[in-house]
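Residue numbers (my numbering), protein chains in the order written: chain A, 11 to 380; chain B, 11 to 380.
Honestly, the hints are just simulated from the structure, not real lab data.
For chains that are exact copies, the list does not tell them apart, and a pair is met inside one copy or across any two.
Simulated crosslink set (BS3-like; lysine-lysine; CA at most 27 Å straight-line):
#, residue 1, residue 2
1, K342, K314
2, K366, K197
3, K358, K171
4, K342, K358
5, K236, K197
6, K114, K71
7, K360, K25
8, K357, K368
9, K354, K256
All figures in this text were calculated on a predicted structure; none of them were measured in a lab.
2 protein chains.
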Amino acid sequence: MKDLDFMARAIELAKKGQLKVQPNPMVGCVIVKNNKIIGEGWHQEYGKNHAEINAIKSCKKKFGTNKAIKLIAGSDVYVNLEPCSIERNTPPCSNALIEYQIKKLFCGTLDPNPKINGRGIKLLRKAGIEVKVGLLKKECNELNRIFFTNQKQSRPYIILKSAQSLDGKIALKSGESSWISSPESRKNSHHIRSMVKGILVGRNTAEQDNPSLTVRLAKNELGLTKNEVLEQPVKIIIGNLKKSKKVSKIFAGKSKIIIASKQPAKKFGNIEYLEYKNKNFLKKFLQDLLDRNISSILVEGGQKTLNTFIVNNLFDELVLYTAPMFLGAKSKDAISLNAPDSIKASKKLKMVKQEKFKDDIKTTYYNTNV
Amino acid sequence: MKDLDFMARAIELAKKGQLKVQPNPMVGCVIVKNNKIIGEGWHQEYGKNHAEINAIKSCKKKFGTNKAIKLIAGSDVYVNLEPCSIERNTPPCSNALIEYQIKKLFCGTLDPNPKINGRGIKLLRKAGIEVKVGLLKKECNELNRIFFTNQKQSRPYIILKSAQSLDGKIALKSGESSWISSPESRKNSHHIRSMVKGILVGRNTAEQDNPSLTVRLAKNELGLTKNEVLEQPVKIIIGNLKKSKKVSKIFAGKSKIIIASKQPAKKFGNIEYLEYKNKNFLKKFLQDLLDRNISSILVEGGQKTLNTFIVNNLFDELVLYTAPMFLGAKSKDAISLNAPDSIKASKKLKMVKQEKFKDDIKTTYYNTNV
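Construct all of the structure, not just a fragment, from the sequences and the given hints.
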């Protein structure tokens with residue numbers, strides 16, 4: 011096996027933490043001696059051991075503590091992200107790697123946090139450990155898009171989602187919009203929900219659709235074991251939502267609910283009201299969400315809400331489900347923006363993935379101009 | 011090898027005729043003796059030998075005439091379409107198969123032409139040849155969608171093509187529409203042009219865009235050898251087009267041009283005017299195109315022309331290139347239809363293929379409700 015293969019394995023391990031590590035990054039770690047993997051681990055859950063510590067533990071479990079200590083000394087370690095150098099929930103990993111006297115560290119990317127960025131590496135080099143940064147850099151960046159966005163933009167990673175017809179419509183004028191996408195698409199959208207910390211809709215959508223805003227997938231569909239728990243995303247509503255019959259599903263269940271409006275800030279039970287008097291409250295609001303560990307949100311509509319995020323360039327990803335039907339020119343647009351002055355000046359996205367769900371297509375775009 | 015493998019090979023061979031057999035169907039033929047292929051051929055060009063005859067010829071070339079005659083006697087023959095039983099450009103293939111005393115015929119589909127449908131099979135069975143119909147039927151039908159449409163609908167196979175933004179727009183209000191799709195998409199659209207016998211645009215599009223309506227691909231890009239000639243598609247315009255400077259590109263070159271309008275019918279040089287006094291002339295016009303051996307057309311726009319074909323349910327395929335940009339709600343719709351009464355009543359298509367061309371996606375839909 012080659013360096014690239016070991017790093018690819020570290021990335022593969024990291025992904026196992028996808029549903030449970032936020033707001034932390036996904037991290038995988040592989041310890042190699044004489045071209046053989048002697049230990050591997052990943053960050054499994056927010057607040058629990060980091061990947062490096064779990065890799066050391068796995069080595070000890072396999073070889074016994076004494077032999078493991080001897081093996082790790084002089085080993086090569088592969089990790090997708092710079093080892094931490096600051097004590098937070100757990101002791102810093104850089105210290106452990108120094109203590110165990112590893113020989114060489116391959117790390118995919120530096121930590122984007124300005125307080126850490128390169129500091130862990132510096133510590134390791136100072137201790138005589140050879141460090142190589144940048145192996146599978148692109149893949150390591152891609153893996154932790156959420157974490158990197160949190161660190162660099164001081165806001166949650168934002169995914170906009172919409173369904174639309176071939177002619178870009180989401181509903182008839184009558185308001186009828188039910189099930190323009192296929193059951194397969196709708197199921198897939200629950201997978202997206204499972205990967206975010208919050209689901210956001212505007213007041214109109216909440217009142218019109220009475221959505222439950224929960225992940226409705228079985229544990230095995232999410233790759234979770236029976237004993238694992240999926241924390242439901244926080245339900246986030248923009249606008250002053252009346253606790254009427256209409257929105258009964260949002261208030262059902264125990265998920266945390268955040269409502270952003272002009273109403274005075276208050277908290278009762280699982281509901282928190284955030285108060286914003288300024289009309290341009292979106293940036294502040296997003297920062298407030300991040301402060302509450304909501305590191306990623308899925309914005310599900312309606313049109314006005316989606317428009318607002320796009321116009322303010324506050325999104326990282328757009329997911330479109332396109333159903334193979336025409337709803338007509340006068341039906342309701344899925345997204346409704348002002349026209350650019352020229353085609354050259356129009357907002358362009360990067361297409362990153364296309365998938366098929368029955369007769370629908372799902373296309374995923376990145377906003378590369380954040 | 012199994013029956014299915016031999017039929018799959020026949021289909022593979024048939025496809026080699028794709029660019030040159032229309033209005034004939036694509037046909038491939040495989041002759042098998044003792045589970046070994048002893049001859050294979052395909053219909054290579056309109057007016058030339060049919061697949062069965064070419065397969066017999068290839069057997070003779072390989073084994074010499076006398077040995078070939080002995081080998082073919084008692085053999086199994088695989089052909090995707092029912093062998094012809096009517097003398098047209100070439101003697102009927104059914105006769106040849108009887109003459110050469112094959113034992114068994116596997117054929118994928120019957121000939122959709124009501125005059126033939128099953129007649130070839132009947133002849134063969136009468137002569138004591140065992141016939142099995144329906145092997146890889148779905149694939150054989152798919153292969154000859156164009157031919158089947160011609161026979162059943164008495165009109166060309168119709169492909170509608172458009173490019174659009176994520177919000178379903180094709181141009182800014184100013185009319186600016188240049189290059190919303192990527193060079194890769196535009197190149198791919200020339201491959202579609204190469205597979206049809208005619209390219210159709212409305213008068214407005216012709217006058218506004220001054221398109222050349224030709225296939226601009228090198229022979230090797232089309233899989234043609236140096237000596238092969240690609241016949242350019244006929245240029246078809248709906249509406250009374252003035253031979254002004256604006257449309258200079260349409261009238262450049264030697265391709266045949268058909269103009270459908272209220273102008274009196276006339277012919278001069280490579281240009282033919284077809285006269286239609288009735289406003290609802292589309293069906294008659296399409297039949298007139300088929301009578302001129304135009305078995306497939308690509309409708310490239312503009313919006314009004316596309317609308318007309320969709321509203322009249324006169325299309326078999328829709329190809330959409332979607333560019334990753336927003337052009338705004340008030341920009342020009344790519345397709346502009348009336349809204350259905352309900353989502354259930356909306357026109358639904360079948361998604362059959364999605365491809366990627368740089369950041370554009372290309373989606374191909376079939377109209378299953380023809």
